[in-house]
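**Student:** Given next are the chains, with one letter for each unit.
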Amino acid sequence: MKKMAIKNDIVKNLKTKLSNKKIKISFGNKIGLGYDGCGTHTHK
Amino acid sequence: MRSPWLSREYEKSTDVVVNEVDGNYELKNINTNASLLLSKVEYDKYENNLFNEIEWEKLYLKGLAVDKNCDDLIIDSSFDVSNKKFIKSKNVENFSLKVGKHKFQILINPELGSWMALTEEEYGKYKKDDLTQEEWLSLFIRGLADDEEHTEVDFDFPVPADYPSVIVVNITTGCNLRCKYCFADCGPFKGENMTEDVMDATIDSMLSMPQVKVITFEFQGGEASTNVSGMRKFIEKVESVKANYDKLVKYRTEINCVLVTDELIKLVKDFNVSVGVSLDGPKEMTDQTRVDINGQGAFDRIEKGIKKLRDNGIYIDGAVCTIGQHNVRYPRQLMEYFDQIGMNFKPRPVNILGREKENHLTTRPGEWAECFKEMHKMKDEIDVENFSIHIFEENVYTPIRDYICLRYPCGAARELVSVNPNGDVFPCDGFKGEKQFVMGNVLNERIEDMLKKPKIIELRNRTAKTIDKCSKCIFRGMCCSCCYSAYGKFGDIYREDPHCADRKQMYIYLMQAWIEENVIGKEDTYE
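Protein chains in written order, with our numbering: chain V, 29 to 72; chain A, 179 to 705.
Read the hints as simulated data drawn from the structure, not as lab findings.
Note that the structure is predicted; figures quoted are calculated from it, not measured.
Any given hint could be a false lead.
Listed next, with one range per pair, are the computed distances between beta-carbon atoms [what the hints assert, rightly or not]:
{"#": "1", "chain 1": "V", "residue 1": "50", "chain 2": "A", "residue 2": "437", "range": "54 to 60 Å"}
{"#": "2", "chain 1": "V", "residue 1": "47", "chain 2": "A", "residue 2": "636", "range": "16 to 22 Å"}
{"#": "3", "chain 1": "A", "residue 1": "232", "chain 2": "V", "residue 2": "52", "range": "18 to 24 Å"}
{"#": "4", "chain 1": "V", "residue 1": "52", "chain 2": "A", "residue 2": "632", "range": "33 to 39 Å"}
{"#": "5", "chain 1": "A", "residue 1": "303", "chain 2": "V", "residue 2": "52", "range": "36 to 42 Å"}
Beta carbons are placed, not taken as given, at the ideal position from N, Cα and C, and that holds for glycine.
Please model the complete structure; the sequences and the hints are all you need to start from.
**Tutor:** This is how it looks when you write it as structure tokens:
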């Protein structure tokens, strides 16, 4: 077993576009899938 | 002003040069000519990488610093923060938060779950509209302020799925244990195994699912390991037809580890089946709840089963650790136990369904929050991954909502469905013992079509707005009432989560913990 090196307060791959009319912040990573039936929640 | 929400890992930009100007320091981007004047004190912090996330952000949004993990920043030449007319937003609420002897005001956007901690002095400036343009911008990009000129903020984050990618295949409803809190009310001497016609219909229905590229078949029960031949039959059927569909297929199973046979091990190895287990901590805790038909604790058999899996080179993904009266007061022992056996785990409270309705083992108000807090305080000291800490931290500290049970709308009949041995399909695994939540039967209709039924559409659109208490809660953007837990407790899925009060304590605690660690240092203690 290895503890995952996750810093939960940092979001990786946040794309940002600033223009006069619109500010767009996009999440460039895929996300995983967690649900309450299993013992795992692995992603990032 | 401090906030983890939208935090990145910043560093200096190689495109930036520094010029000393009358005792101050000008940072200038040599490509864009964007610049910012720093005082000597500010420059020393910059030079020594001592800026906090908001100070870095001020540079970043001018192109004067970079994000270590993403170089995709586009600043249109039309963008000029000095021209913006920022104002307070009606959508933002606030509350005071004490961390040790320090007092903060938290601005929170309840819809987004975004928040910012302000000192009393900063809050005073905010109330008088006396913040700098850069400070307003930091609020604005978090949905914590408006712009009179109606500049739009677009958060492009993954949205809930339209079609399920995971199906819980209840390969049997029989079980070799009779756990005291079993939400599906399973046990020995009853139950049925899945028939081949149900297997065929389930496989076809899932492999034909639109939009989804990866399908996971997760075997549960009852106890899936009591029907290994059924699991093998199912998987062999998938393997024989999957080439006809454009899907990647994965398998996993959640077992109690009481019956780890050579047949099970071969199946897991043959088809690379991921394995999770159910375990409530050390023997004195597990044996109170995970018992057989004679009331005998199963811990020793589970321990042997885990050893046999590992001796055969099988990695266990993690353990579901059900939290109730048998273990809620022992968070340290739980963390130490799972660390000792080298297994990541996810603690979660007993759900009030099935046999739990007779046995009343679930946590009492406040107990789950206290247990969580204690585990969180030792997270850096004990080297085991506690998935619940990760899930809750992610929801409080970031805009990411990838845990489908803690997000509106939840993953029921979206990312996930569950099928029983007789072909009845449920929107979530938690409903598998509840007849009134049957979406349809795979022998009669496709799962894709079941998703279009009015009742299911209503469930798929169950958000905080549809639940009275949640609709008024300031934490609704980082929370979700578990639909089957609400049903179990109140007989109504349109109610708050049974652990609502605990959740609020946990969100506040996590804000305090972040502020303590990142803002005021570790010398202060909670009050």
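**Student:** Now tell me if each hint is right for this structure.
**Tutor:** Okay, the hints, checked on the actual structure:
{"no.": "1", "hint": "V/50 with A/437: 54 to 60 Å", "in the structure": "holds, 58 Å"}
{"no.": "2", "hint": "V/47 with A/636: 16 to 22 Å", "in the structure": "violated, 38 Å"}
{"no.": "3", "hint": "A/232 with V/52: 18 to 24 Å", "in the structure": "holds, 20 Å"}
{"no.": "4", "hint": "V/52 with A/632: 33 to 39 Å", "in the structure": "holds, 35 Å"}
{"no.": "5", "hint": "A/303 with V/52: 36 to 42 Å", "in the structure": "violated, 28 Å"}
In summary, the numbered hints that this structure violates are 2 and 5.
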